[in-house]
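Numbering-wise, the sequence shown is residues 2 to 156 according to this note's numbering.
Warning: the hint list may mix true and false statements.
[What the hints assert, rightly or not] Ranges between beta-carbon positions, derived for each pair: (1) K80 <-> P3: 29 to 35 Å; (2) N139 <-> N56: 18 to 24 Å; (3) H76 <-> G116: 17 to 23 Å; (4) N61 <-> G116: 28 to 34 Å.
Since the hints were derived computationally from the structure, they do not count as laboratory data.
Built from N, CA and C at the ideal position, the CB exists for glycine as well.
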Amino acid sequence: MPLEIGQQAPDFTLFDSDKKEITLSELKGQPVLLLFFPLAFTSTCTTELCSVRDNIGWYNNLNAKVFGISVDALHTLAKYKEDQQLNFTLLSDFNKDVSRLYESIYEQFGYNMKGVSKRSAFVIDKEGIIQYAEVLENAGEIPDFNKIKIALEKI
Numbered sequence: 002m003p004l005e006i007g008q009q010a011p012d013f014t015l016f017d018s019d020k021k022e023i024t025l026s027e028l029k030g031q032p033v034l035l036l037f038f039p040l041a042f043t044s045t046c047t048t049e050l051c052s053v054r055d056n057i058g059w060y061n062n063l064n065a066k067v068f069g070i071s072v073d074a075l076h077t078l079a080k081y082k083e084d085q086q087l088n089f090t091l092l093s094d095f096n097k098d099v100s101r102l103y104e105s106i107y108e109q110f111g112y113n114m115k116g117v118s119k120r121s122a123f124v125i126d127k128e129g130i131i132q133y134a135e136v137l138e139n140a141g142e143i144p145d146f147n148k149i150k151i152a153l154e155k156i
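With the hints as constraints, model all of the structure from the sequences given.
Quick look at the structure:
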């Protein structure tokens, strides 16, 4: 069953590109934006995440924490973050557990890859409740950032 607005966001712990543990439930008290993306160093992912980078001040003004999540390894994400000068946290879901938990996984992807994060967005409020959810079947599409911003502004 897909995750729905009004539902408690499933808790998780992942390592960021600096090898620090991040636990979702420890972020209660501030809004959170989770952006699952298929793979680092790909064109649509770079367009999406660089757009967030360029608008990070808007998210910071709302005290919102932004996290990009993919199944890439920590070292890959660290290099990607450095190369793209991303100013928000990237989390490695290398084992694919969180992507599956959030029903944001392509079991079959291009080049015979299996288990790649679906491009998706989840806005989670200060109490850990999902206020916006968008899971895209087409990896070439980008989440609706206007709707994401509206959801964050309501928190």
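Here is what the structure says about each hint:
Range check, K80 to P3: Cβ separation about 33 Å, and the 29 to 35 Å hint holds. Checked against the hint of 18 to 24 Å, the C-beta distance between N139 and N56 comes to roughly 23 Å, which is consistent with it. Taking 17 to 23 Å as the suggested C-beta distance range, the pair H76 and G116 conforms, at roughly 19 Å. Separation of N61 from G116 is about 33 Å and conforms to the stated range, judged on CB atoms against 28 to 34 Å.
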